[in-house]
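J.: So you can see what is in the structure, the chains are spelled out below.
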Amino acid sequence: MTSRDTILAAVRASQPTPVPPLPEIPLFEMSSRPLLEEFREALLRMGGKFAERPNGDDPDRFIRSLFPQAQVICSATPEIIGTRALSGESDPADLADVDVGIVRAAFGVAETGSIWLSEAELQVNALAYLAQHLIALLDPGDIVGNLHHAYRDSRFKTARYAVLVTGPSATADIEGVLIHGAQGVRSLTVLLVPRPAKPRATV
Amino acid sequence: MRVGLFIPCYIDAFFPAVGIATLELLERLGVDVIYPLDQTCCGQLMANSGSQKDAAGAEALFVENFKDFDHIVTPSGSCAYHVRDHLDAIPQTPKAQKVRSNTYELVEFLHDVLRVEAFPWAEFPHKVGLHNSCSTLRKLRTAKASEIDEPFFSKPLDLLSKVRGIQFVTPSRPDECCGFGGTFSIFEEPVSAKMGYDKVADHHAAGAEYIVSADMSCLMHQKGCAERVGLDIRFIHIAQILNGDRA
Amino acid sequence: MKRIDHAEAASEFIAAKAHQEFHDRRLWDLRLKRDREARGIPEWEELRTLASQIKEHTLSRLSDYLEEFEARAKENSAHVHWARDAAEHNQIVYEILSMRRVKTLVKSKSMLTEECDMRPFLERRDIEVIETDLGERIQQLDDEPPSHIVVPAVHKLRGDVSTVFARTIGAEPGNDDVHYLAETQRRTTRPYFLRAEAGMTGANFAVAETGSFVVCTNEGNADLSANVPKLHIASIGIEKIIPRTEHLGVFIRLLSRSALGSPITQYTSHFRAPRDGGELHIVLVDNGRSERLGMRDFWYSLKCIRCGACMNTCPVYRRSGGLSYGATYSGPIGIIIDPTFNIRKYSNLPFASTLNASCTNVCPVKINIHEQIYKWRQIIAERNQLPFVKKEMMRVAGKVLADPRLYRAAISAAGLAIEHLPRFAIYNWLNPWGRQREIPEAPGQTFRSWYIERRSRP
Chain D
1 MTSRDTILAA VRASQPTPVP PLPEIPLFEM SSRPLLEEFR EALLRMGGKF
51 AERPNGDDPD RFIRSLFPQA QVICSATPEI IGTRALSGES DPADLADVDV
101 GIVRAAFGVA ETGSIWLSEA ELQVNALAYL AQHLIALLDP GDIVGNLHHA
151 YRDSRFKTAR YAVLVTGPSA TADIEGVLIH GAQGVRSLTV LLVPRPAKPR
201 ATV
Chain X
1 MRVGLFIPCY IDAFFPAVGI ATLELLERLG VDVIYPLDQT CCGQLMANSG
51 SQKDAAGAEA LFVENFKDFD HIVTPSGSCA YHVRDHLDAI PQTPKAQKVR
101 SNTYELVEFL HDVLRVEAFP WAEFPHKVGL HNSCSTLRKL RTAKASEIDE
151 PFFSKPLDLL SKVRGIQFVT PSRPDECCGF GGTFSIFEEP VSAKMGYDKV
201 ADHHAAGAEY IVSADMSCLM HQKGCAERVG LDIRFIHIAQ ILNGDRA
Chain H
1 MKRIDHAEAA SEFIAAKAHQ EFHDRRLWDL RLKRDREARG IPEWEELRTL
51 ASQIKEHTLS RLSDYLEEFE ARAKENSAHV HWARDAAEHN QIVYEILSMR
101 RVKTLVKSKS MLTEECDMRP FLERRDIEVI ETDLGERIQQ LDDEPPSHIV
151 VPAVHKLRGD VSTVFARTIG AEPGNDDVHY LAETQRRTTR PYFLRAEAGM
201 TGANFAVAET GSFVVCTNEG NADLSANVPK LHIASIGIEK IIPRTEHLGV
251 FIRLLSRSAL GSPITQYTSH FRAPRDGGEL HIVLVDNGRS ERLGMRDFWY
301 SLKCIRCGAC MNTCPVYRRS GGLSYGATYS GPIGIIIDPT FNIRKYSNLP
351 FASTLNASCT NVCPVKINIH EQIYKWRQII AERNQLPFVK KEMMRVAGKV
401 LADPRLYRAA ISAAGLAIEH LPRFAIYNWL NPWGRQREIP EAPGQTFRSW
451 YIERRSRP
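Heads up: the protein sequence lines correspond to chains D, X and H, in order.
First residue of the first sequence: 1, per the working numbering; consecutive thereafter.
First residue of the second sequence: 1, per the working numbering; consecutive thereafter.
First residue of the third sequence: 1, per the working numbering; consecutive thereafter.
I should point out that these hints are in silico values taken from the structure, not numbers from a laboratory.
Careful: at least some of the hints might be erroneous.
Short, incomplete list of chain H residues facing chain X, as computed with Cβ under 8 Å [stated by the list, open to error]:
id, residue
1, F22
2, R26
3, D177
4, V178
5, L323
6, A413
7, L416
Here are the simulated DSSO-like pairs of lysine-lysine, each with C-alpha atoms no more than 27 Å apart in a straight line [as the list claims (entries may be wrong)]:
id, chain 1, residue 1, chain 2, residue 2
8, H, K375, X, K53
9, X, K98, X, K67
10, H, K375, X, K144
Computed far set for chain H versus chain D, every beta-carbon distance over 12 Å [to be verified]:
id, residue
11, A9
12, Y94
13, R101
14, K103
15, V129
16, G170
17, G278
18, T328
19, F388
20, E419
21, P432
22, A442
The beta-carbon is built from N, C-alpha and C at its ideal position, and this holds for glycine as well.
In isolation and in its complexed conformation, chain D is listed as follows (with noise of 0.2 Å):
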């Protein structure tokens, strides 16, 4: 008998009965507040950044100017060309030294100021914890009510990886001491700009 087998047979013969029902989940509508609101209180508690770049900004221009030192900025939406090219065949270790990573979020969630990503929105999934800070571009039309909503999306089913990003990479393991930029990105921002209507043409 294999493990496999062993161990079903052992389950088997230990499972309570009777079985009780699976709960229906309701999706707990939230506060009638404005989901951009919620979102950005939520992102904002979680240390994450806010930002609107004023009108008619370019948005590559916005983002130099929010981080003038970087020297590699990586884009993984062609709405930003950066100054290094990404593709998915990129070796993940070659972000190594990637100053500021660029990505365009799926959705976002205002319960909690999640965004969502998988590796269609990140081409190498280690952009966003291999670079120093990321920049998510996110649509305010973009932005789902609570968890129990995100979770209906169907992109979970397909994705192959999917996180939820909420603010930087943190920790408090050290007397209780907040960290931003444990082993991930030092800073997290959400940047608001409208889904584009094509992709722009590029250079």
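Given the coordinates of chain D, assemble chains X and H onto it according to the supplied hints.
T.: Showing chains X and H alone in chain D's frame:
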């Protein structure tokens, strides 16, 4: 109304004033109180150590002593909880089941059965910290526990609020366990004592002159801790305040 | 096998005053933060009920859900392995690593790998294992197990961490600035992420419907471990299964709020399939879980989502520290799980509790922890695992309290003893009560004698 009075062993032996106050209070409220003379213990000492075998004798004796009462009242939350929820080292005869379901802790009885509206003879012009024992709080649910998200309620506070002159102070950790825990106080003495010290220091820092509780076992432990470190704070059972003790 | 003496270890912990007081304050603060979060969600108690119901249903049909999970995972091109026990788990992991010639493994926090004692096993076979979670790394470098399942080094102060880092990873001696220490760990761990050939994680939840599993961290170290090296191994206890993606809404809303009082962890990562050119191995582990599932009084412990809320609220845990339990799992959840690993070694643990039930009230999946602690005491007494002194004490007490005349004689003797014996005879090593407390005074008469005098009817 006729009530069987159960006085736990440690109150019988060390704090008879609490038993006396309980009896007098019930009589003042028009209750006919009978104290079966051959009672000893509810069995929780042995049962809480896992020794069901050793608990059976005391539990059987308890049932025998109280089988003829429709209401059994005790000034001890831990004993009432043990009888209602755990008195199962003995066969669950109809007699045993009846005794179990008819047993009340004093505050429960005053609040839910007698529904006492006033204690005109009572006055307690002191600053008081209310200690809800874990048995009354989380097992018998006589007050809201801080962990549970639900509307506030407190049966002991309802009763004590009817006492003239009483002032309440609130410690920083109102419902953290004080560390008595039965034989825990002996076999895990270091942690037990630390918890006791923390508890009395907390009430003292909040300005309490007295700590009041429905469980004398907790108070016995807290008193022991306070006296050892010379902390100026006194201990009183809720029955004594409601019965009109002034100090 | 020697019995763990929790009381003695606790005594030493309490004696280290600054450490103990910080430990207690820090964890109580997490408990208060949890309360604040709970109050902010009107449906909090309903979420707890739903989570409990989902788990109870799933555990009752666990074999079906395990098979569903495996089928979906394989369709996703993940490899699925099954380990009956810790030894088999370690062997499977080793074989995967050696097949890919892995010399360096980076891993995120996993209580299951602690339970299996995996690290020494791999290290003896020349595989370097780097703990990447800051708290776990501190403990690894100090050659000490983690003390708390969520904040592994909560029992240490910054000075302790500074000493460990100076001794092991070249930190500046005497520099105990927390930001400096964290940055030092970040700087020295990065190179491992970049050169490791494999990364290992645990899992908080495994979803049967999709064959995915979820890992929650605040540091993002699980994501680094899984997304930089090509090979990702995930060790998952069989009890972690939940039926559908939508159920994650309930559990993710409860997990971090219960653990740390924050609405969600900084990273909630969902792994369904390997990335292009990558490899994903899932190891499903039993190690006593199927046996526990068959225990009528104790199977509810399998609902546990490893949040640590029970530890944070436990007044005994906060004053004794996780290491005093001498087991991978400490605190209230440890007390009800550990006896299944070794009933003799852990026979004292169910008595390291006042049965105050605060743990039960904070548990997001409504495990009846205090009731299981009570039941374990019965089993330990039945299996003759009570220490001799306690066993005798209960035997004698049982006899005396079953007989009204013996009882009255004992009370009267105790009263006389307190009244007449000198202090040194009462307060000595035979009387643990008296070590740090005064004993009650002897009253003039017992309640019973008062009653006979004043109230007895003829």
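J.: It remains to establish, for every hint, whether it holds in the given structure.
T.: Hint by hint, here is what the structure shows:
Because the beta carbon of F22(H) sits about 14 Å from the nearest beta carbon in chain X, more than 8 Å, this interface hint is broken. Residue-level restraint check for R26(H) is violated (minimum Cβ-Cβ distance to chain X is 14 Å; threshold 8 Å). Annotation: D177(H) was flagged as interfacial toward chain X, and the flag is violated, the nearest CB pair being 30 Å apart, outside 8 Å. A least Cβ separation of about 26 Å between V178(H) and chain X goes past the 8 Å threshold, and the interface hint is therefore violated.
For L323(H), the shortest C-beta to C-beta distance to chain X is roughly 14 Å, which exceeds 8 Å, and the interface hint is violated. Interface restraint check: A413(H) against chain X, minimum CB-CB distance 10 Å, threshold 8 Å, status violated. Checking L416(H) against chain X by beta carbon gives a least distance of about 11 Å; that is not within 8 Å, so the hint is violated. As the CA atoms of K375(H) and K53(X) are separated by approximately 14 Å, the hinted pair is consistent with the 27 Å bound.
Proposed proximity of K98(X) and K67(X) is supported: the alpha carbons are some 7 Å apart, at most 27 Å. Between the alpha carbons of K375(H) and K144(X) the distance comes to roughly 26 Å, so the proposed pair stays at or under 27 Å and holds. Once the 12 Å rule is applied to beta carbons, A9(H) is consistent with being away from chain D; the minimum gap is 22 Å. Distance check on Y94(H): its Cβ is at least 15 Å (rounded) from any Cβ of chain D, clearing the 12 Å threshold; non-interface status holds.
At roughly 17 Å from the closest C-beta of chain D, the C-beta of R101(H) stays outside 12 Å, upholding its exclusion from the interface. Every C-beta of chain D lies more than 12 Å from that of K103(H), the closest at about 16 Å, which supports listing it as non-interface. Under the 12 Å C-beta cut-off, the non-interface status given to V129(H) relative to chain D holds; the minimum distance is some 16 Å. At roughly 17 Å, the least C-beta separation between G170(H) and chain D is larger than 12 Å, which holds for a residue marked as non-interface.
The Cβ of G278(H) sits about 9 Å from the closest Cβ of chain D, inside the 12 Å cut-off, so the non-interface label is violated. No beta-carbon of chain D comes within 12 Å of the beta-carbon of T328(H); the shortest separation is about 19 Å. Residue-level check passed: F388(H) sits 34 Å from the nearest beta carbon of chain D, beyond 12 Å. At the 12 Å boundary, the C-beta of E419(H) stays outside the reach of chain D, the nearest C-beta of that chain being 50 Å off.
Once the 12 Å rule is applied to beta carbons, P432(H) is consistent with being away from chain D; the minimum gap is 34 Å. For A442(H), the non-interface assignment is confirmed: its Cβ lies about 47 Å from the closest Cβ of chain D, beyond the 12 Å cut-off.
Violated hints for the displayed structure, listed by number in ascending order: 1, 2, 3, 4, 5, 6, 7, 17.
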